[in-house]
Amino acid sequence: MTDKPKPRLADMSRRDGRPLIHIENDDLMPLPAPLNDPARERPWTPLSPQAVERYECALDDTCAVSVPKPATRAEEDALVGKFLAGLEKLFTRENNWTFLQPLVLSMEHCAKCQTCAEACHVFEASGRNELYRPTYRSEIVRRLYFKYVKHGGLLSAWQHGDVKVNWPLVARLIELSYRCNICRRCAQTCPIGVDNGLIAHELRKLFSQEMGIAAKELHETGSMLQLKVGSSTGMSAEVVKDNIQFIDEETSERTGVKVETPWDVEGADVLLIHNAGEILAWPENPGAFALVLTAAGISWTLSSELAGYDSINYGLWYDDVQLARVAVKHAEAAKKLKVKKIVLGECGHAHKALSVIADRVLTGDLNIPRESSLTLLRDIVMNGHLKLDPSRNDFPVTLHDPCNLVRLMGVVEPQREVVRAICPKFREMEPHGVDNYCCGGGSGFAIMSGHNFPDWRFHVSGRKKLQQILGAFADCLDPSIPKYLCAPCSNCKGQFRDMLAYYDLWEQNRILYGGLVELIVNAMTDVTPGFIEWEWH
Amino acid sequence: MTALIYVVISASALVFVVATAVRAVGYARAPLHLRWELYPVPHEAPDRAAHGGSYFETLDWWTHPTHFNVVGELKAMLAEMLFLKALREFNVRLWRRSFPFHFGLYLLFGTVVLVLGAAVTTLVAPAVLAGSFGATLDVLTRVIGGAGLALTIAGALGLLHRRLTDEDLRPYTTAGDLFNLAAFIGALGVLAVGLLLRPADAPGVHAVAVGLLRWDTSVQVPGVLAAGLALAALLLAYIPFTHMSHFVGKYFTYHAVRWDDAINTRGGAMERRLAEYLAYRPTWSAPHVRADGVRTWADVATTNPTEGAKR
Ligand code: SF4
Ligand code: SF4
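Chains A and B supply the protein sequences, listed in that same order. Numbering of the first sequence is given in this note's numbering, commencing with residue 15 and proceeding in unit increments. Numbering of the second sequence is given in this note's numbering, commencing with residue 460 and proceeding in unit increments.
Just chain A, same shape as in the assembly (with noise of 0.2 angstroms):
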């Protein structure tokens, strides 16, 4: 590992364009075999100089936001007082009741004892770079907190510190707030309760809601687009119809079984809802619900509502007010059909976003039951209310818990019986359940693509739960052996693709990833063998 000098809460208001830090392979967390060969590692695509010359790029080797630099020290300043506007409605009730109380409470209490540090997989991986420590970004809220908003003097800032607030430093501070997970492991671990995630999601959210200044991928092809057309993925009601058939056709085909997926049927028991990224790239994911809900003889149906057919929804990660949008159309979208629940696919944002966070924005009759699939598909199979037969699941599996719905939301086990009961060579990631690492693909970081944020979340984000799926797999890393890696979440599920490929762990060592519903449709006897197909997709 290379020693080199640390960056210092001050550097953050450096004026020379620099970036503060620059990481090479060496400098990073040691994986284990295969990648443990140096020839396996992958270098890093270096910025393009267009991109370093329009973009503020002066964080690190990458850029995820794309933030055009102002042209004069007017527009400069002009935007350093909107973040100070923004700074101070924050922490106010009309502005942010949404969030006041423990963002208070985060910024008062920090003991800066950095236990959080040793928790943070980005810090870990990144070989521990000061950066990514998740306090760094949380000390210059907190400085600015005490300057600003409490309007802290002297003793106020020999008490908390001093901070120099001035464009290059929300600048930086803009790239910074993406790059956390907020997968909020450190925060599990703080004795006093101090949340480091909350306080990357509050400052993203000032940026989004004050200065209209987000990640594209979330804003204006993530919630905007789903706003204006029904999806992120652009697809629009028509489309998701016409794919949607398309599936049930393939799936029919390829498991013997006839599939019809029912749309828009009023009063049915559930209205299930998919992130609609799953139609698109994993069409199986929705073709195995379809399969495995009618041979339950379940009532279900898809809605063609505006947004009723797509569960995503990005403000979770940047905007309460966005968050609040889609959650209301979803909820729409029930009450239109009166279902009695509805039931969300694999999908973990999506749970949370619409049954933890807004089950405080949904009121009066949008208040509709909400559930997770991996409940519903826990009873179904438990239940006995399919014929399986666990041997067609005889290859290696193993099992990520996405951050949403596990760590923050409680359902841990209703996925791990049904893998229990039909994967036979089942084994567990360590640590796992609560305790589990993101995927790095957290807090929309595995839909963000631009200049070269992907090698950052492969070596750096992903690296830790890289290295947790080699040590799953330690035992049969051998490519004759076909190996399995679950994922009941549509955004892990792109960045396991995403990042098996970078490091070509299908192609050399025989790693895919998949959900859980495929599981289960191949451990049914009603249908023809094979329906997951040992193929890179």
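Simulated from the structure, these hints should not be mistaken for lab results. One thing to keep in mind: the hints can contain errors.
With a cut-off of at most 25 angstroms between alpha-carbon atoms, the simulated DMTMM-like pairs for lysine to aspartate or glutamate come out as follows [unchecked claim]:
#, chain 1, residue 1, chain 2, residue 2
1, A, K352, B, E730
2, A, K230, A, E90
3, A, K230, B, E766
4, A, K20, B, E626
5, A, K126, B, E496
6, A, K20, A, D30
7, A, K18, B, E626
8, A, K242, A, E252
9, B, K544, A, E138
10, A, K242, B, E766
11, A, K343, B, E730
12, A, K349, B, D758
13, A, K255, A, E274
14, A, K178, B, E626
15, A, K349, B, D519
16, B, K544, B, E496
17, A, K343, B, E496
Starting from the structure of chain A, add chain B with the ligands where the hints point.
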């Protein structure tokens, strides 16, 4: 001189109580926030709390009664409060210094309660303390108080040493942080020296407490002991104005955030509170928010920003 000590002690105690209460009330009055819990939540049903599960693991959860496992929550609280469980689990090196410090403070708090209790008894029913009970109480107070002082000072020294030498802590350590630890060592150190140097016939802590309650300014408190008591009192008054008031903050971070899984039910009390918040008028200025300080949260949340006209 004695009157001054009494004033410092009583004023400091008052400042501590009022400032702590103001802080606690401030947190308690904050609006109910969106749910942001972290599992495990110890008041979940015991079989689920064991693996960190929630009621979402139950099919049709809303048709089942919710389970609030008081015992589980109390157990988790006690382990956290008394033994700093999270710190021991995740940062044992720091725990070795922090635990004696905090446990010492608990013992000192206990000592204050014993001293005050004995002083009040001396005033209202002196006979109670005349026999062996009084002697035992005296020994107990000395042992607990002595242990409290020793542990707190040793812990603070350990924490200060770590803060000054640990590379990971240094960049985040402010002058105020160092002062805080030094203040504990200084104030409690002087108090300890004052207690040790006190001539056998001079008034001790018990006499000072009785004197304070009677406002008897004729009590001749030895100089060093007087300084120790005054410094300790000032330190107490200072705590609520710093992050060291985390004993208040921690109550809320755990109960009102990490473990707050309270469900919003139709027509319930929570819905009424939410209705109040939905009538707030945000002023966020990004164009997509469509807030203007007049439109409410309810208006904003039901506006589609991709549609031309404001609804
Ligand atoms: S956030 Fe918590 S764990 Fe991290 S330094 Fe602050 S008090 Fe310690
Ligand atoms: S929320 Fe996760 S990624 Fe962010 S600082 Fe905490 S542990 Fe690290």
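Outcome of the hint check:
Between A/K352 and B/E730 the alpha-carbon distance is near 21 angstroms, which keeps this suggested pair within the 25 angstroms criterion. For the given pair, A/K230 sits about 21 angstroms from A/E90 by alpha-carbon distance, which is consistent with the 25 angstroms threshold. At most 25 angstroms may separate the alpha-carbon atoms for a hinted pair to count; A/K230 and B/E766 meet this at roughly 19 angstroms. Restraint check: the Cα-Cα separation between A/K20 and B/E626 comes to about 11 angstroms, which is no more than 25 angstroms; the hinted pair holds.
The straight-line distance between the Cα atoms of A/K126 and B/E496 is roughly 22 angstroms, inside the 25 angstroms bound, and the hint therefore holds. For a cut-off of 25 angstroms, the pair hint linking A/K20 to A/D30 stands: about 17 angstroms separates their Cα positions. Proposed proximity of A/K18 and B/E626 is supported: the alpha carbons are some 14 angstroms apart, at most 25 angstroms. Of the supplied pair hints, the one linking A/K242 and A/E252 holds, its CA atoms being roughly 14 angstroms apart against a limit of 25 angstroms.
A C-alpha spacing of about 23 angstroms is found between B/K544 and A/E138, which places the hinted pair at or below 25 angstroms, so the restraint holds. At roughly 8 angstroms between alpha-carbon atoms, A/K242 and B/E766 fall within 25 angstroms of each other, so this suggested pair holds. For a cut-off of 25 angstroms, the pair hint linking A/K343 to B/E730 stands: about 19 angstroms separates their Cα positions. A C-alpha spacing of about 19 angstroms is found between A/K349 and B/D758, which places the hinted pair at or below 25 angstroms, so the restraint holds.
Restraint check for A/K255 and A/E274: satisfied, since their Cα atoms lie roughly 11 angstroms apart, inside the 25 angstroms limit. For the given pair, A/K178 sits about 23 angstroms from B/E626 by alpha-carbon distance, which is consistent with the 25 angstroms threshold. A C-alpha spacing of about 17 angstroms is found between A/K349 and B/D519, which places the hinted pair at or below 25 angstroms, so the restraint holds. A C-alpha spacing of about 19 angstroms is found between B/K544 and B/E496, which places the hinted pair at or below 25 angstroms, so the restraint holds.
For the hint pairing A/K343 with B/E496, the CA-to-CA distance comes to about 24 angstroms; that is within 25 angstroms, so the pair holds.
When the structure is compared with the earlier hints, no violation turns up for any of them.
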